[in-house]
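Undergrad: Spelled out, the chains give:
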Amino acid sequence: MASRDKDREQDKPAADLLRRSLASPAGAPGLDVDPCPDPEILAAYSEHSLDADETARYELHFSQCARCREMLAAMVHAGELAGAAGEKRARSSSTAWIWDWRWLAPAAVALVLAAALVARRPSPPHSAGESSRPLVAMNQSAAPPADMTVKPESAPAATAPVLIAPNSSGALERIAPNFDSTKSESAPRAKLAPPSRDERKEFATNVPLTGRNYEQLDALKKSAVAPKADSSEPRGYGVGQGAGNGVGIPSSAETVTVESAIRPVAPAPPPPAAAPVPPEIPADTGVGAAASAPSAAPERARNQQTVVVTANRGLAMSEAVTVESADDRNPRTVVRSPDPDVLWRISSGRFVERSSDAGATWRVQWTNANAHVIAGAAPSIETCWLVGRNGIILLTSDGKRWRTIAPPTDADFIDVAATDASSATVTTTDDRKFTTTDGGKRWIPAP
Amino acid sequence: MTSRPAQPFAAPKTGPVSGRAATALPAPAAALQFSASLAAAVERCWLRAAAPAEWNLTREQFQAALETGAARRFPGAAPDPGKIDAKKIEAYLETLHAADLALALACSLGNAAAWDFFMAEFRPELYRAARAIVGYAAGQDAAARDLADSLYADLYGLRESEGRRKSLFDYFHGRSKLGTWLRAVLAQRHVDEIRRARRIEPLEDEAGEVRNEIGVPRAPSPGHDPPPDLERVNYLVILQAALAAALDSLDPRDRLRLAYYYMDDRTLAEIGRLLGEHEATASRKLERVRRDVRARVEASLRDARNWSDAQVRACLDCASGEWPFDLSVHLQSAPGAAGDRKPAAAGSGAAARKI
Numbered sequence: 001m002a003s004r005d006k007d008r009e010q011d012k013p014a015a016d017l018l019r020r021s022l023a024s025p026a027g028a029p030g031l032d033v034d035p036c037p038d039p040e041i042l043a044a045y046s047e048h049s050l051d052a053d054e055t056a057r058y059e060l061h062f063s064q065c066a067r068c069r070e071m072l073a074a075m076v077h078a079g080e081l082a083g084a085a086g087e088k089r090a091r092s093s094s095t096a097w098i099w100d101w102r103w104l105a106p107a108a109v110a111l112v113l114a115a116a117l118v119a120r121r122p123s124p125p126h127s128a129g130e131s132s133r134p135l136v137a138m139n140q141s142a143a144p145p146a147d148m149t150v151k152p153e154s155a156p157a158a159t160a161p162v163l164i165a166p167n168s169s170g171a172l173e174r175i176a177p178n179f180d181s182t183k184s185e186s187a188p189r190a191k192l193a194p195p196s197r198d199e200r201k202e203f204a205t206n207v208p209l210t211g212r213n214y215e216q217l218d219a220l221k222k223s224a225v226a227p228k229a230d231s232s233e234p235r236g237y238g239v240g241q242g243a244g245n246g247v248g249i250p251s252s253a254e255t256v257t258v259e260s261a262i263r264p265v266a267p268a269p270p271p272p273a274a275a276p277v278p279p280e281i282p283a284d285t286g287v288g289a290a291a292s293a294p295s296a297a298p299e300r301a302r303n304q305q306t307v308v309v310t311a312n313r314g315l316a317m318s319e320a321v322t323v324e325s326a327d328d329r330n331p332r333t334v335v336r337s338p339d340p341d342v343l344w345r346i347s348s349g350r351f352v353e354r355s356s357d358a359g360a361t362w363r364v365q366w367t368n369a370n371a372h373v374i375a376g377a378a379p380s381i382e383t384c385w386l387v388g389r390n391g392i393i394l395l396t397s398d399g400k401r402w403r404t405i406a407p408p409t410d411a412d413f414i415d416v417a418a419t420d421a422s423s424a425t426v427t428t429t430d431d432r433k434f435t436t437t438d439g440g441k442r443w444i445p446a447p
Numbered sequence: 001m002t003s004r005p006a007q008p009f010a011a012p013k014t015g016p017v018s019g020r021a022a023t024a025l026p027a028p029a030a031a032l033q034f035s036a037s038l039a040a041a042v043e044r045c046w047l048r049a050a051a052p053a054e055w056n057l058t059r060e061q062f063q064a065a066l067e068t069g070a071a072r073r074f075p076g077a078a079p080d081p082g083k084i085d086a087k088k089i090e091a092y093l094e095t096l097h098a099a100d101l102a103l104a105l106a107c108s109l110g111n112a113a114a115w116d117f118f119m120a121e122f123r124p125e126l127y128r129a130a131r132a133i134v135g136y137a138a139g140q141d142a143a144a145r146d147l148a149d150s151l152y153a154d155l156y157g158l159r160e161s162e163g164r165r166k167s168l169f170d171y172f173h174g175r176s177k178l179g180t181w182l183r184a185v186l187a188q189r190h191v192d193e194i195r196r197a198r199r200i201e202p203l204e205d206e207a208g209e210v211r212n213e214i215g216v217p218r219a220p221s222p223g224h225d226p227p228p229d230l231e232r233v234n235y236l237v238i239l240q241a242a243l244a245a246a247l248d249s250l251d252p253r254d255r256l257r258l259a260y261y262y263m264d265d266r267t268l269a270e271i272g273r274l275l276g277e278h279e280a281t282a283s284r285k286l287e288r289v290r291r292d293v294r295a296r297v298e299a300s301l302r303d304a305r306n307w308s309d310a311q312v313r314a315c316l317d318c319a320s321g322e323w324p325f326d327l328s329v330h331l332q333s334a335p336g337a338a339g340d341r342k343p344a345a346a347g348s349g350a351a352a353r354k355i
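Just so you know, the protein sequences line up as chains A and B, in that order. 147 is the number that this note's numbering gives to position 147 of the first sequence; each next residue is one higher, with no gaps. 191 is the number that this note's numbering gives to position 191 of the second sequence; each next residue is one higher, with no gaps.
Any given hint could be a false lead.
Stated by the list, open to error - Here are the simulated distance ranges between beta carbons:
#1 B/ALA197 x A/THR409: 53 to 59 Å
#2 A/PRO35 x B/ALA142: 30 to 36 Å
#3 B/ALA241 x A/THR409: 35 to 41 Å
#4 B/PRO75 x A/PRO445: 36 to 42 Å
#5 B/ALA241 x A/ARG432: 56 to 62 Å
Simulated from the structure, these hints should not be mistaken for lab results. For each residue, glycine too, the CB sits at the ideal point set by N, CA and C.
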């Protein structure tokens, strides 16, 4: 730098000559320098979103206008600092979730549902003994607590109660309406944590899910895999079932489901049981989960609940959106960025969630009122492409705000691959592919 | 000026103003009336905007804002939209940040829900940007706050003109992201403030300085007869004309590059950031531009004036013993030192002059 400053000193006369030339209006005589452009133009210029002739025109102006150049420099500086600060802030908020016990409620719901799915599953004809092992092994990481209870039981006998731990008998008579505490983590005997007190009455049929406990729904589908093999018989309600069945054969399938669902949950002390669930989610993507889960499970889930998603838009505006029941919903997808901490997931058609702490906490983001997102790709931590039905293509390049890209066709997209915010390839349901290299301004059919 | 309204929504408000009336303010040109062929493009924009129902934004208001923006983008077209290709307008519409435009429009119309959303979404960013722009020195936090607060007041539109609220949002047409626009507005205010303060201090007269330099006899360059002063001045005038022509024929971006370097004393790292290039690229391109300019100057002297190589050399030599375009050698040796200078210091030397 010192030597460069010296250079500037040494060639002062010539540099001054150059400066004078630079400062004089360019172009034909009589063509005055334009008035300074609006801040909006400066903003668009700094985003590189002006078209070529505008860029040339304003760069010519900037080259003759010290005021505009100073403004551009200040903007660049502000943008860099602001970006750095934002990133730092996002990183500092990890691990807070563990102190927030509210997740226990949805976790419990998830486990209940899992058991419900298991219980209602028709028994396949094969013998439980051999088929169970690979399935259990496969899901060890996904649902450790379920595993621990299942494992010892799975080999010896198919008649053994599937998820009932030795100390669970006391919990058997508990049925849904008796829930009274969400603090189940304090009770070693683990009364079932209800989803929420208000929604108790809907418990059997309508399970309210917030954006947050979607992950438990996934976990549930996964944990459903493990018991699947073992509960291969109708009497899979288990020996403990004696009490429940003795009380009276439930006439409604719904009730059976819930009752039988309670027991498996109860034995596991909630903190160890549920704690691993949220961090596990990113480990296996929604797609993977859907693929490995028994196909029966989602089908069953379909007629059991309407899902209500509540997302907070800003401070004062919250909006409840009822999405289609599960059969119409896609398997929820987790989109990974190169940074393992940064994930997106599609929580419903209109919303996505972003996590910057490997899935511990999620922030709901609004995408587009008409979006029905199916797949996504995140080439960087702030860039993510999403595609969906009816020609929906969404792009964020700051990790926060989504814009809708004009699609090459109105067909349904099922896949997207992207290398950055400007280059991406989308695939339609009939396997046509379109590629863009300019952020979606133009699409070219790809081979 | 520095007080943000504590209750922004308590200010008197007489129902939603019509979009056209509110957004027509900043544009002196009459709003462009979109032809029916643009209806599809407008519809796509409207869908992209996806304005929540609470913002009470109508499609008509939105289209009026689009038309105002288009009139600004294509100034010649206002009375007669037929003069501008509808395709151009359509392409323009496709590039707009429709959601941000809808937000700005709803805020400009005084919608409380939109304001809430704006405050929640942009307030932290705005303060950060203000701090970054103002706070080169420590202890500037109050100044940053003032800068951002003054913006709130104008965004909300405390100023009234002809009985109507004038909101700064009316100047946003969706051509950039709202956040970037806010940064640009902050930067503009800050720079203008600084320039106003600077104007009070006496500026050195650079032009006069240069003239003095030209008049002073310089040491003769070896191998050439020292040209008489008159001839030297003559040479310099010719050279300057050739130089101006060469600069005018440059790509605007390259001209901007030279301006950043020679007039604002920016470092290569800064120039790279300003032009969205890597520092090494900025360095390489700067060198190329200087070679280019020199080649053009020499060529124009040789061709237009029919000068011999010796005459061209003599002319260049008399401009300076150290012609700036040979600086590349020195530049290459010191790129690592670039980037550690504060941008605030730049522009204070030669550049504080606007033509």
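Undergrad: None of the hints should be skipped; say for each whether it holds.
TA: Tested hints:
The given range of 53 to 59 Å is respected by B/ALA197 and A/THR409, whose C-beta atoms sit roughly 56 Å from each other. Checked against the given bound of 30 to 36 Å, the beta carbons of A/PRO35 and B/ALA142, roughly 33 Å apart, stay inside it. B/ALA241 and A/THR409 have their C-beta atoms about 57 Å apart, which leaves the hinted 35 to 41 Å range violated. The hint said 36 to 42 Å for the Cβ distance between B/PRO75 and A/PRO445, and at roughly 37 Å that hint holds.
Distance hint check for B/ALA241 and A/ARG432: the Cβ-Cβ separation is about 59 Å, which falls inside the suggested range of 56 to 62 Å.
Hint 3 from the earlier list is the only one contradicted by this structure; the remaining hints agree with it.
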